[in-house]
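Chemist: Residues per chain are reported as follows:
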Amino acid sequence: MVLFLSFFSVIGLAQTKLIAHKSHSGSNANFRAMMNNDLFDVSASNFGAAPQRLVKNATLDTVIYISAEKAIMVTSEYCSYVDRFEEDAKEKFPRSLWKKGKDTVIGHPLFSRSHSLDSIKDVLRQEYYFKNNIDSIVFIGFDNKVKKYKKEARKKKKSILPVITKNTNFSSAIISCSIVSLISIVAFMIWKIKTFERFLFYEE
Amino acid sequence: MKDFYFMKNSLEKVVGFYFLLSFLFLPLTFDGKDWQFRLTEFFFGKPIKAIQHCFFPEALSSIDFSSDTVSLNLLLLSLLFIAVSIVLFLNIAKIKSAKISLVARTAACYYISFVLFKYGFDKIFKAQFYLPEPNILYTPFGNLTKDVLYWSTMGTSHFFSVAMGMIEVMTAVLILIKATRIIGLIIAVGVFVNIILINFGFAISVKTFALFLLLATLFPLFPYLKKICNFLILRRQEQFIEDESLVKKPKTALVIKIVAVSGMFFYVLFPYLEANNFNDDKRERIFLHGAYKVQAIIKGKDTVDKSHFQIKNIFIHRNSYIIFQNGKNEMTDYYFENDFAKKQLLLYDYQKNKTIIDYTFSQSDSILILSFEGLKINAKAENWKKLPALQDDHHYFIDDVH
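So the protein lines, in turn, are chains A and B.
Read in order, the letters of the first sequence are residues 1 to 204 in my numbering.
Read in order, the letters of the second sequence are residues 1 to 402 in my numbering.
Calculated directly from the structure, the hints in this document are not laboratory data.
Bear in mind that the values here come from a model prediction, so they are computed numbers and not experimental data.
Possibly wrong hints are sitting among the right ones.
[To be verified] Computed list of chain B residues with no C-beta within reach of chain A, every gap over 10 Å:
| no. | residue |
| --- | --- |
| 1 | L21 |
| 2 | T29 |
| 3 | L80 |
| 4 | A83 |
| 5 | A93 |
| 6 | I95 |
| 7 | N230 |
| 8 | D302 |
| 9 | A341 |
| 10 | K352 |
| 11 | P388 |
| 12 | A389 |
| 13 | V401 |
[Claimed, not checked] Here are some of the chain A residues that sit facing chain B, going by a computed Cβ distance under 7 Å:
| no. | residue |
| --- | --- |
| 14 | K17 |
| 15 | L18 |
| 16 | S23 |
| 17 | H24 |
| 18 | S25 |
| 19 | N30 |
| 20 | N36 |
| 21 | K70 |
[What the hints assert, rightly or not] Below, a sample of chain A positions facing chain B; criterion: calculated Cβ distance under 10 Å:
| no. | residue |
| --- | --- |
| 22 | N28 |
| 23 | R32 |
| 24 | V123 |
Heads up, the beta-carbon is just placed ideally off N, CA and C, and yes, glycines get one too.
Go ahead and model the full structure; you've got the sequences and the hints to work with.
Modeler: Next up, the structure:
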């Protein structure tokens, strides 16, 4: 029986270890224990800059309906950056991790076919934090609305780059424009001004 | 006079070697156990553990060279000792190392630029000074320590965070361009002095690294200090002669520069591009994240009187912590894992003891029910984002305040 624990992608909060600990109202007395035993997420913070860890995440590839009591889940791991906390936690802290591969789910309320496929997807989206796009999961034996699924998958693919998409908020659009403007100004200066021409030809 | 120049050159070489060694071994563990941490641990882990054990028995037992730990300071001291030893050896063996200062100064410029890019973009994307967590917002002001107060206050202003980030990114760009390097370094000195004052003034534990960054900025600026003073204070005309180039061929130099700068941008921006999130305030939080006001506690079949409530509020922190606030505003925090299938929270305290709590959450009325050890706690979600601290009350004229 799969234990439904999921790991969501975090860039992580930028903070010192002490501020990280105090941010969840941790006491000074517990800070030492946390540091000495490398507990929980203490390794994720350091010099006050954002840790760039990107968690090894579970991705749900396929759900196969067997019976009202049984379903098979096929999962794999999405991996970008190696996550120090996750690695250490496996060794130092007892926890049940999602293992990739096939697993039979017995009596899981979500996959007992008493819900429509759309509502299953909604629950997965809201509560399970799989790394992958929920619309990309293949459901076999469930009430599958193939057309809708394909359309949504195509739409989402467009939003990989940080350009203005339907999900992009106003401030991120301003930031993207600012970065482009900044690069353009620097490029213009390098192109036009003699000082910068000198920089181009006499650089170390 | 000859001795003076010998001493000056030797000192410059020591500083040059020291910074080069520090750039290599000071682990900027932004992404966990990276190559730099492993390298430092391999060479310095055991010796520093032994020194720390002898001279600082009260220090933290883990040697991870974290910010403002004894181990980090011992590492920097060890690197200084190594740098002095190298220069002594080179002087005795009469090995020429004239270019070391130039190499170190150039490396310092790129290092400082990288750090400024990292911290700058973290600020622009609101990942450094993040939105304060609900448990912090519901803690009385006087109960918070200065460092959390400062961090949280900064986190409430998106405008300030982005503006500060822009300044840092612009400074990094100025340092990278050779023609504007000196002005960039001067601005960087101002930025780091400000950070040092904040870190000392608000007890933020990035003091050693901030001092290190200031010294690393002053090092490439040092040859120009006299001329800068002459120009700014004595108002004398001065000609700033550029450093000799390390790479003689301009095209090769340009290619190296483009590769280095692209690498910096990729390293700093990749996580944001990968996550497609450029404002941490709007990043999706974990399930149940928020503040909950306890409405009823049921023990067996009896409802406990409100005056006897031991828990006033419950908070779910985005890094998977559950925090209970009592009537005296004291907080108790636990790390948790959410077993979605069983609808259970697996709580761990700092002694690694495990407690299992059953939960139900109703989206329609935002009621969270926690059940454990015969107790049932009913708590209602608070609209913590409506608190005054998180409102953008922008006004220029006080006449606009109503």
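Chemist: Take the hints in turn and mark each one as holding or not.
Modeler: Hints versus structure:
Look at B/L21: its CB is around 18 Å from the nearest CB on chain A, clear of 10 Å, so calling it non-interface holds up. Separation of B/T29 from chain A is inadequate, the least Cβ-Cβ distance of about 5 Å not exceeding the 10 Å criterion. For B/L80, the non-interface assignment is confirmed: its Cβ lies about 20 Å from the closest Cβ of chain A, beyond the 10 Å cut-off. Once the 10 Å rule is applied to beta carbons, B/A83 is consistent with being away from chain A; the minimum gap is 22 Å.
The beta carbon of B/A93 is kept farther than 10 Å from every beta carbon of chain A, the shortest such distance being approximately 28 Å. Residue placement check: B/I95 keeps its beta carbon more than 10 Å from all beta carbons of chain A (closest about 23 Å). Every C-beta of chain A lies more than 10 Å from that of B/N230, the closest at about 21 Å, which supports listing it as non-interface. No beta-carbon of chain A comes within 10 Å of the beta-carbon of B/D302; the shortest separation is about 30 Å.
Not every CB of chain A is more than 10 Å from the CB of B/A341 (nearest about 4 Å), against its label as outside the interface. Distance check on B/K352: its Cβ comes as close as 7 Å (rounded) to a Cβ of chain A, failing to clear the 10 Å threshold; non-interface status is violated. Against the 10 Å criterion, B/P388 stays outside the reach of chain A, whose nearest CB is about 20 Å from its own CB. For B/A389, the requirement that its beta carbon stay farther than 10 Å from each beta carbon of chain A is met, with the minimum near 15 Å.
Against the 10 Å criterion, B/V401 stays outside the reach of chain A, whose nearest CB is about 25 Å from its own CB. The closest approach between the C-beta of A/K17 and any C-beta of chain B is roughly 6 Å, which is under the 7 Å cut-off, so the hint is satisfied. Taking 7 Å as the C-beta contact cut-off toward chain B, the hint placing A/L18 at the interface holds, the least distance being around 5 Å. Restraint check, A/S23 versus chain B: the minimum CB separation of about 6 Å is within 7 Å; hint holds.
A distance limit of 7 Å between C-beta atoms decides the matter here; for A/H24 the minimum to chain B is near 4 Å, and the interface restraint holds. Because the closest C-beta pair between A/S25 and chain B is about 3 Å apart, less than 7 Å, the hint holds. Taking 7 Å as the C-beta cut-off, the interface hint given for A/N30 holds, the closest approach to chain B being about 4 Å. Taken as an interface hint, A/N36 checks out: its beta carbon lies about 5 Å from the nearest beta carbon of chain B, inside 7 Å.
Annotation: A/K70 was flagged as interfacial toward chain B, and the flag is violated, the nearest CB pair being 14 Å apart, outside 7 Å. Proximity of A/N28 to chain B holds as hinted, the smallest CB-CB distance being about 9 Å (cut-off 10 Å). Interface hint status for A/R32: upheld, as the beta-carbon distance to the closest one in chain B is roughly 7 Å, under 10 Å. The beta carbon of A/V123 comes within 9 Å of a beta carbon in chain B, closer than 10 Å, and the hint placing it at the interface holds.
Consistency note: the structure conflicts with the earlier hints numbered 2, 9, 10, 21.
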